[in-house]
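Asker: Sequence:
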Amino acid sequence: MARSDEAEVFFYAVYTAVQQIPRGKVTSYGHIARLIGTPQRPRQVGICLKHLPQDAGAPFNHDNVPWQRVINAKGMISPRSQPSGARGQAAALQEEGVIVTTGALGELMVDFSEYGWFPNELPSDLEDEQETS
DNA sequence: ATTGTGACGCGTT
DNA sequence: TAACGCGCCACAA
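Just add 103 to wherever you are in the first sequence, counting from 1, and you've got this note's numbering.
In case anyone wonders, no lab produced these hints; they're calculated from the structure. Note that this is a predicted model, so its numbers are computed, not measured. For glycine and all other residues, C-beta sits at the position ideal for the given N, C-alpha and C. Please note that a few of the clues may not be correct.
[To be verified] In silico SDA-like links for lysine to any residue, alpha-carbon gap of 20 Å or less:
{"hint": "1", "residue 1": "Lys177", "residue 2": "Ile124"}
{"hint": "2", "residue 1": "Lys128", "residue 2": "Glu199"}
{"hint": "3", "residue 1": "Lys153", "residue 2": "Thr141"}
{"hint": "4", "residue 1": "Lys128", "residue 2": "Asp214"}
{"hint": "5", "residue 1": "Lys128", "residue 2": "Arg190"}
{"hint": "6", "residue 1": "Lys128", "residue 2": "Leu208"}
{"hint": "7", "residue 1": "Lys177", "residue 2": "Pro222"}
{"hint": "8", "residue 1": "Lys153", "residue 2": "Glu109"}
{"hint": "9", "residue 1": "Lys177", "residue 2": "Glu109"}
[Claimed, not checked] Across the chosen pairs, the derived CB separations fall in these ranges:
{"hint": "10", "residue 1": "Glu109", "residue 2": "Gly209", "range": "37 to 45 Å"}
{"hint": "11", "residue 1": "Asp108", "residue 2": "Gly209", "range": "37 to 45 Å"}
{"hint": "12", "residue 1": "Pro182", "residue 2": "Arg126", "range": "18 to 26 Å"}
{"hint": "13", "residue 1": "Ser107", "residue 2": "Gly127", "range": "34 to 42 Å"}
Given only the sequences and the hints, what does the whole structure look like? Please build it.
Answerer: Structure, rendered in structure tokens:
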């Protein structure tokens, strides 16, 4: 692996946590950071998703990690998420029943009070899952 | 090796 | 209320 071992652990934690987000729900980068015990690094969560492989053969990839369900704390889909803007992510969310509204500036928003998923901790322990790799 | 750049969030202005 | 500053740290140049 190219990344350091610590980074590897962090990536694993992020991807696994994101997989816990139920279909049709959304959460924030910051909340994912809190769930995995690193509340000071919402930004690194974004980096993990940014580098999420598209290759279906990878252990974590665009198919098995619902990256589209992670948005920022203001409830808006990050414009930087994709080259074409946030449209693709919005489409992916709408496909699973999430209503995405468009602001005056063309910003794509999701109502947290309706679709927010903010548990205090992860439903399953993620610490000791993958022992063999 | 160094420097700059972020799929962010929160406290201060 | 909005804008700015800073922490965080993996990655690309």
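Asker: Against this structure, judge whether each hint is valid.
Answerer: Right, here's what the structure says about each hint:
Pair hint Lys177 plus Ile124 holds up; C-alpha atoms about 18 Å apart against a cutoff of 20 Å. A threshold of 20 Å between alpha carbons decides the hint, and for Lys128 with Glu199 the separation of about 9 Å falls inside it, so the pair holds. The suggested pairing of Lys153 with Thr141 holds, with an alpha-carbon distance near 18 Å, which does not exceed 20 Å. For a cut-off of 20 Å, the pair hint linking Lys128 to Asp214 stands: about 10 Å separates their Cα positions.
This hinted pair checks out: Lys128 and Arg190 have alpha carbons roughly 17 Å apart, not beyond 20 Å. For the suggested pair Lys128 and Leu208, the alpha carbons sit about 24 Å apart, so the restraint of at most 20 Å is broken. Restraint check for Lys177 and Pro222: the C-alpha separation of about 18 Å stays at or below 20 Å, so the hint holds. Of the supplied pair hints, the one linking Lys153 and Glu109 holds, its CA atoms being roughly 18 Å apart against a limit of 20 Å.
Among the hinted pairs, Lys177 with Glu109 is inconsistent with the structure: their alpha-carbon atoms are about 29 Å apart, more than 20 Å. Judged by the Cβ atoms, the range 37 to 45 Å given for Glu109 and Gly209 holds: they are separated by roughly 39 Å. One distance hint, 37 to 45 Å for the beta-carbon pair Asp108 and Gly209, holds here, with the actual separation near 42 Å. A beta carbon spacing of about 24 Å between Pro182 and Arg126 agrees with the range 18 to 26 Å that was offered as a hint.
Roughly 35 Å separates the CB atoms of Ser107 and Gly127, a value that falls within the hinted 34 to 42 Å.
Hint check: violations occur at hints 6, 9; the rest are consistent with the structure.
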